[in-house]
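Student: Sequence:
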Amino acid sequence: MAAYKTAVLVISEGLRQEVKPYNIRTTMISPGAVDTELPSSITEPDIAENVRKLYEMAIPADSFARTVAFAISQPDNVDINEILFQPTSQEL
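In my numbering, the protein residues as written are 1 to 92.
Worth flagging that the hints you see were computed from the coordinates, not collected in a lab.
Where is the CB? At the ideal position from N, CA and C, for every residue including glycine.
Errors might be hidden in some of the hints.
Claimed, not checked - Label pairs and their computed distance ranges (CB to CB):
#	residue 1	residue 2	range
1	Q74	A48	34 to 44 angstroms
2	S63	P21	26 to 36 angstroms
3	A3	D76	13 to 23 angstroms
4	Q90	S40	12 to 22 angstroms
5	V78	P45	25 to 35 angstroms
6	T43	P75	41 to 51 angstroms
7	D76	E44	38 to 48 angstroms
8	P75	E13	17 to 27 angstroms
9	R25	T88	21 to 31 angstroms
10	Y4	F70	16 to 26 angstroms
11	I24	A48	31 to 41 angstroms
12	E44	K20	35 to 45 angstroms
13	D76	K53	12 to 22 angstroms
Construct the complete structure from the given sequences, taking the supplied hints into account.
Tutor: This is the structure:
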């Protein structure tokens, strides 16, 4: 998982540098457990149980939406590079 997040961060930073001259901002948002339909879509019993336990502490989707709204509502001279968003009780 760490390699995946690193790759996304590198791609995001490359994109940021590419579009910076056009005053376009990019933000990488790394969500933790957000209340979605994901747990009900998993058919493997062992994995489904682990995901169900994690999602017991999931943050409502509207909280995630407010995080996105915060990032895009900043003034033009502010670039929110990265947001790590997760439930308070979720381990890193």
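Student: Next, verify each hint and record whether it holds.
Tutor: Each hint, compared with the structure:
1. Taken as a hint, the range 34 to 44 angstroms holds for the pair Q74 and A48, whose Cβ atoms sit roughly 38 angstroms apart.
2. Checking the proposed 26 to 36 angstroms range against S63 and P21 shows it holds: the Cβ atoms sit about 34 angstroms from each other.
3. Against the hinted window of 13 to 23 angstroms, the Cβ-Cβ separation of A3 and D76 comes to about 34 angstroms, which falls outside the hint.
4. Between Q90 and S40 the beta carbon distance is about 20 angstroms. The supplied range of 12 to 22 angstroms therefore holds.
5. With their beta carbons about 46 angstroms apart, V78 and P45 fall outside the hinted range of 25 to 35 angstroms.
6. Checked against the hint of 41 to 51 angstroms, the C-beta distance between T43 and P75 comes to roughly 46 angstroms, which is consistent with it.
7. Take D76 and E44: their Cβ atoms lie about 46 angstroms apart, and the range 38 to 48 angstroms holds.
8. A hinted range of 17 to 27 angstroms holds for the C-beta pair P75 and E13, which are about 21 angstroms apart.
9. For R25 paired with T88, a C-beta distance near 27 angstroms keeps the hint of 21 to 31 angstroms intact.
10. Range check, Y4 to F70: about 25 angstroms between beta-carbon atoms, so the 16 to 26 angstroms window is met.
11. Checked against the given bound of 31 to 41 angstroms, the beta carbons of I24 and A48, roughly 40 angstroms apart, stay inside it.
12. Distance hint for E44 and K20: a CB-CB separation of about 42 angstroms, consistent with the stated range 35 to 45 angstroms.
13. Distance hint check for D76 and K53: the Cβ-Cβ separation is about 42 angstroms, which falls outside the suggested range of 12 to 22 angstroms.
In terms of the numbered hints stated before, the structure departs from hints 3, 5, 13, listed from lowest to highest.
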